[in-house]
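> Here the protein sequences come in this chain order: X and V. Using my numbering, the first residue of the first sequence is number 2, and each one after it goes up by one. Using my numbering, the first residue of the second sequence is number 518, and each one after it goes up by one.
For the record, the hints were derived by calculation from the structure and aren't laboratory data. There could be a bad hint or two in this list.
What the hints assert, rightly or not - Straight-line alpha carbon distances no greater than 25 Å define the calculated BS3-like cross-link-like pairs of lysine-lysine that follow:
1) X:16 with V:739
2) V:782 with X:16
3) V:782 with V:739
4) V:615 with V:582
5) V:609 with V:582
6) V:666 with V:684
Stated by the list, open to error - Here are the simulated distance ranges between beta carbons:
7) V:723 with X:194: 29 to 35 Å
8) X:245 with V:649: 48 to 54 Å
9) X:262 with V:686: 34 to 40 Å
What the hints assert, rightly or not - Which chain X residues face chain V? A few, computed with CB under 10 Å, are given here:
10) 2
11) 4
12) 5
13) 13
14) 41
15) 64
16) 67
17) 77
18) 78
19) 80
20) 112
21) 117
22) 119
23) 161
24) 269
Predicted model only: the values in this text are computed from it and were never measured. All residues carry an ideal CB built from backbone N, CA and C; glycine is no exception.
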Amino acid sequence: MSATIYRHEFLARLKSVISWSIALVAIIAVFFSIYPAFADQATLLNETMTKFPPALLAAFGLTGVDLSSVLGFYSFIFLFAQICLAIQAGNYGFGLVSIEETELTADFLVSKPVSRMQIMNSKLLAAFTSLTITNLVVWLSSFAGIMLFRGGRPYDLHTLLLLLLSIVIFQLFFMSVGLVISLLVRRVRSVTSLSLGLGFGMYVLSAFSGLEGASTLELITAFKHFDPNYIIQHSAYDTPLVFLNVGITLVSLVASYWLYNRRDIPAVS
Amino acid sequence: MSIIEVKNLTKYYGKSRGIVDVSFNVEQGEIFGFIGPNGAGKSTTIRLLLSLIHPTSGSASVFGKDVVTHGTEIRKDIGYLPSEVYYYEGMKVIDLLKYSASFYDCECTQRLHELSELMELELNRRISDLSYGNKKKVGIVQGLLHSPKLLFLDEPTAGLDPLMQRKFFDLIRQENGRGVTVFFSSHILGEVQRLCSRVGIIREGKIAEISDIRTLQQNNYKKVWIEATGLTASAFDLPGVTNLQTEDSSVHFFFKGDINTVLQKLSAVQVSDVSIEEPTLEEIFMHYYE
Numbered sequence: 002m003s004a005t006i007y008r009h010e011f012l013a014r015l016k017s018v019i020s021w022s023i024a025l026v027a028i029i030a031v032f033f034s035i036y037p038a039f040a041d042q043a044t045l046l047n048e049t050m051t052k053f054p055p056a057l058l059a060a061f062g063l064t065g066v067d068l069s070s071v072l073g074f075y076s077f078i079f080l081f082a083q084i085c086l087a088i089q090a091g092n093y094g095f096g097l098v099s100i101e102e103t104e105l106t107a108d109f110l111v112s113k114p115v116s117r118m119q120i121m122n123s124k125l126l127a128a129f130t131s132l133t134i135t136n137l138v139v140w141l142s143s144f145a146g147i148m149l150f151r152g153g154r155p156y157d158l159h160t161l162l163l164l165l166l167s168i169v170i171f172q173l174f175f176m177s178v179g180l181v182i183s184l185l186v187r188r189v190r191s192v193t194s195l196s197l198g199l200g201f202g203m204y205v206l207s208a209f210s211g212l213e214g215a216s217t218l219e220l221i222t223a224f225k226h227f228d229p230n231y232i233i234q235h236s237a238y239d240t241p242l243v244f245l246n247v248g249i250t251l252v253s254l255v256a257s258y259w260l261y262n263r264r265d266i267p268a269v270s
Numbered sequence: 518m519s520i521i522e523v524k525n526l527t528k529y530y531g532k533s534r535g536i537v538d539v540s541f542n543v544e545q546g547e548i549f550g551f552i553g554p555n556g557a558g559k560s561t562t563i564r565l566l567l568s569l570i571h572p573t574s575g576s577a578s579v580f581g582k583d584v585v586t587h588g589t590e591i592r593k594d595i596g597y598l599p600s601e602v603y604y605y606e607g608m609k610v611i612d613l614l615k616y617s618a619s620f621y622d623c624e625c626t627q628r629l630h631e632l633s634e635l636m637e638l639e640l641n642r643r644i645s646d647l648s649y650g651n652k653k654k655v656g657i658v659q660g661l662l663h664s665p666k667l668l669f670l671d672e673p674t675a676g677l678d679p680l681m682q683r684k685f686f687d688l689i690r691q692e693n694g695r696g697v698t699v700f701f702s703s704h705i706l707g708e709v710q711r712l713c714s715r716v717g718i719i720r721e722g723k724i725a726e727i728s729d730i731r732t733l734q735q736n737n738y739k740k741v742w743i744e745a746t747g748l749t750a751s752a753f754d755l756p757g758v759t760n761l762q763t764e765d766s767s768v769h770f771f772f773k774g775d776i777n778t779v780l781q782k783l784s785a786v787q788v789s790d791v792s793i794e795e796p797t798l799e800e801i802f803m804h805y806y807e
């Protein structure tokens with residue numbers, strides 16, 4: 002761990018953290034502001050929902066969701082928040098070491114008296130701090146949204162906490178997977194397109210998993226591991242899937258350290 | 518004591534050749550020139566010594582410590598100026614230099630300002646606004662900031678104007694005077710000749726020759742130039758003569774061997790002008806690449 006790298010890395014990501022946080026607050030606020038209208042027309046709403054094709058409902062994670070209840074509606078918001086968080090975390094993971102290599106500043110850093118291990122520790126910790134700030138922003142705006150817009154309707158705090166607590170594991174998953182992919186390929190050309198691809202790809206995989214019957218492919222996506230719909234309906238995590246998620250994260254992290262230690266820093270060509 | 522010891526060092530990038538079986542030593546306090554054309558493996562060698570890349574086989578040590586296992590420790594006392602300088606574009610020069618200094622146990626603020634003043638570097642400009650030459654200056658200050666004991670200079674003068682080059686050479690000589698060992702890689706032989714005491718010549722990834730710069734010049738060739746009327750080139754077609762050329766009334770060639778044989782030939786001719794000189798490193802160098 003090197004404090005000087007940590008500080009540099011954290012500051013480099015500060016603008017991005019602020020942008021993502023503002024975007025998330027906006028999404029959560031805008032969605033919550035239409036909740037009272039939904040809740041007031043509960044019977045009409047649920048009637049209309051039954052008329053939608055099941056495939057469409059599944060795609061938006063709305064199968065069996067009661068949009069008039071606080072957490073039912075919140076699960077819909079949470080899914081959008083998850084997509085943003087996935088893209089952000091993937092972005093930091095993909096860019097963690099690859100940005101220095103494409104911008105050719107890696108020579109500067111690696112020729113300093115710090116080990117690869119220290120570089121990786123500091124970078125990961127700095128990115129994790131950035132993700133945690135966004136995480137806290139989601140916590141705060143979720144609570145604020147519920148308090149402002151629930152209008153006396155009940156909700157289960159325990160279930161809400163389960164949802165919010167899943168964010169940190171969810172973020173670590175996308176950061177680690179992004180990182181290990183960036184170290185497996187020879188050169189990362191565009192961090193943004195890769196993180197969008199990973200985020201949306203995993204979302205689509207999870208959204209359409211229910212349609213074609215059981216598929217093993219859905220097991221790799223964190224959107225399935227922390228499906229807000231499942232958590233709300235069961236008031237619990239799908240434990241085996243959570244273990245699988247943490248397992249993938251750990252394997253990715255260990256592999257990343259191993260690969261980075263052996264990595265040849267590419268020269269200008 | 519050898520500051521750098523390289524033994525049978527080999528590096529392949531996949532199938533493409535980096536360097537093959539390179540061995541040499543650099544002694545304490547010397548300025549070692551490392552010359553070769555582009556792609557010969559100069560940067561590869563430096564990058565291996567800095568543990569930026571890992572050797573395929575062979576070993577290297579700096580300050581008596583293995584570069585693979587003790588890289589972090591070694592790099593405390595190393596200054597590195599890469600051939601292509603790239604820094605964090607959004608940063609100001611001063612912030613970059615401070616960031617660089619923060620990696621070392623040193624109170625470098627005063628030296629930072631001294632060096633920047635010497636290299637005429639504007640500290641408050643953004644890296645992205647700097648010209649190539651100015652970025653190079655940032656690289657020089659950054660490499661010398663922490664008073665390293667060993668300097669790796671990879672084609673350091675590219676992008677510097679002649680005045681700056683001279684200042685830079687003076688600076689390097691001054692550092693060398695304080696006992697700093699310098700590893701100077703270049704494909705410009707003139708500057709190696711001006712600065713270095715010993716040279717290694719690398720060609721297609723292999724060491725072609727390592728020698729004292731004087732012996733390299735003396736023990737090899739003499740450049741002979743004769744001007745006389747009615748001279749024929751064939752008169753000087755002696756063993757040891759190469760590159761024999763005639764221009765109007767003058768003849769010039771390279772000669773290796775006992776110079777007296779040339780002098781005897783010369784005494785028989787009525788010359789109007791003659792010169793026998795040491796060839797430049799450039800000319801010797803061309804010979805290694807033929």
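> Now tell me, hint by hint, if it's right for this structure.
We went through each hint and held it up to the structure:
1. X:16 with V:739: violated, 65 Å
2. V:782 with X:16: Roughly 80 Å between the alpha carbons, so the hint for residue 782 (chain V) and residue 16 (chain X) is violated.
3. V:782 with V:739: Holds. Residue 782 (chain V) to residue 739 (chain V) sits at ~15 Å (cutoff 25 Å).
4. V:615 with V:582: At roughly 28 Å apart (the allowed maximum being 25 Å), residue 582 (chain V) and residue 615 (chain V) break the hint.
5. V:609 with V:582: Answer violated: residue 609 (chain V) to residue 582 (chain V) is near 35 Å, above 25 Å.
6. V:666 with V:684: Answer holds: residue 666 (chain V) to residue 684 (chain V) is near 20 Å, not above 25 Å.
7. V:723 with X:194: 29 to 35 Å: Distance hint for residue 723 (chain V), residue 194 (chain X) is violated at roughly 42 Å.
8. X:245 with V:649: 48 to 54 Å: Cβ of residue 245 (chain X) to Cβ of residue 649 (chain V): about 51 Å, so the range 48 to 54 Å holds.
9. X:262 with V:686: 34 to 40 Å: holds, 38 Å
10. 2: Violated, about 13 Å.
11. 4: holds, 9 Å
12. 5: holds, 4 Å
13. 13: holds, 8 Å
14. 41: violated, 50 Å
15. 64: violated, 46 Å
16. 67: Constraint on residue 67 (chain X) not satisfied, violated at 48 Å.
17. 77: violated, 38 Å
18. 78: violated, 34 Å
19. 80: violated, 35 Å
20. 112: holds, 5 Å
21. 117: With a closest approach of 9 Å, the residue 117 (chain X) hint holds.
22. 119: With a minimum Cβ separation of about 8 Å from chain V (threshold 10 Å), the hint on residue 119 (chain X) holds.
23. 161: violated, 39 Å
24. 269: Because about 4 Å separates residue 269 (chain X) from the closest Cβ in chain V, which is inside the 10 Å limit, the hint holds.
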